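K.L.:
These are the residues of each chain, in order.
There are 2 protein chains.
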Amino acid sequence: MAKQERAVRTRKALIESAAELFSRDGFELVSLSAISSRAGVSNGALHFHFPSKAALAAAVRDAAAQRFGRIVSAERPPPQLGGSLQALVDTSHALLRGLGHDVILRAGFDLADGAGGAGRGEDLYQRWHAWVEVAVARSAREGLLSDVAPRDLVATVVGATVGFAALGGHDVRWLSSSTLTRFWSLLLPRIASAPALRGLVAGGRRAEAS
Amino acid sequence: MAKQERAVRTRKALIESAAELFSRDGFELVSLSAISSRAGVSNGALHFHFPSKAALAAAVRDAAAQRFGRIVSAERPPPQLGGSLQALVDTSHALLRGLGHDVILRAGFDLADGAGGAGRGEDLYQRWHAWVEVAVARSAREGLLSDVAPRDLVATVVGATVGFAALGGHDVRWLSSSTLTRFWSLLLPRIASAPALRGLVAGGRRAEAS
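For the protein sequence lines, the chains are A and B, in the order given.
If you count the first sequence from 1, position 181 lands on 181 in the UniProt record's numbering, and the numbers rise without skipping.
If you count the second sequence from 1, position 47 lands on 47 in the UniProt record's numbering, and the numbers rise without skipping.
Isolated chain A, as found in the complex (with noise of 0.2 Å):
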């Protein structure tokens, strides 16, 4: 393996095993050196790649935000039946699955929390709330509105997926598709017009990517 190639390798390792501990145990109870020897390399490794815990816990925030930008930005139906509005249920149910599996993308909202140096630009509650600001602004523009105001659908959105993944965290079930499939289920009946309600599915499209 090249060198360059054994860095990079080596880099991901420990932005993974602190983004595990971090979720596990909080960002200020763990060491540097359970970072490290979890990640199977030594000490001075990880010192090479990062001067801090600090360092470390903006890299994990990072690629978080990078995953977080991959999964609303993946999800692209064509423009039909739907569109924004199914863009929204798809996207929320591709977060929840994402939070359950990818502890990067759960260490990254985690992380929001203030630890580790928070303060850095926008957290990921706030770019998920503006997200659904602007897909529900878009759904209204494309006509698939009934008569509620968007203010409130985005605060409900908003709202139930941060409770779901909040709940999540004691009970697995909750990042379930099941539970968010309820969600949008009582929902959509209620926030799509009429033509828009019969091209929408409440248990999300998967799209390749996600």
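Honestly, the hints are just simulated from the structure, not real lab data.
Quantities reported herein were computed from a predicted structural model and do not represent experimental measurements.
Accuracy of the hints is not assured; some may be wrong.
Identical copies carry no separate label here, and so any pair may be met within one copy or between two of them.
Mimicking SDA-like on lysine to any residue, the simulated pairs with C-alpha atoms at most 20 Å apart in a straight line are [said to hold, decoys possible]:
1. K12 x S42
2. K12 x K53
3. K3 x A13
Mind docking chain B on chain A? Use the hints.
P.N.:
Frame of chain A, contents of chain B only:
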């Protein structure tokens, strides 16, 4: 002040101080001496009341459970249009209001995250979930619900309220009554039967006791 009264006060101050610090810094990071010093009592007094930090966490959890119990039993609208469904709306408002101003209640929910020796009995999330289930079942029996599936409604209400609480840790506006009113304004026309809907108040009706 009688000796016994002083002891009760000291115990209360220690629980309040512990709740404040657990909530701000997390259970693991808080030291017993920080708790006693914030409460304005000696380490000896702390140890007289609580043999360990876990014992303090248990006391915080018990105090939070009592407050939670008062919230869910306080709001009893007289039988009328809206009955148990209005009670659900009112109680969700009282809970979020409580989480906004009552650090012991907040710490009780935080400690449910597994810190400080969880696993002793139900946590507050589970109690809230169970309470919502009962309220929804009652609403169904009272003929207040439209044709929605009760389980969908339970998942949505628990998810959204827990989400607003979690988001409130980042930005207190999520705990404001206007956020929850948005949620209920969106939901009620979908979930309430036509006659019930006329009597329902999305903003909640405040009970004397809250």
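K.L.:
Tell me, in ascending order, the numbers of any earlier hints that this structure violates.
P.N.:
Violated hints: none at all, because every hint is consistent with the structure.
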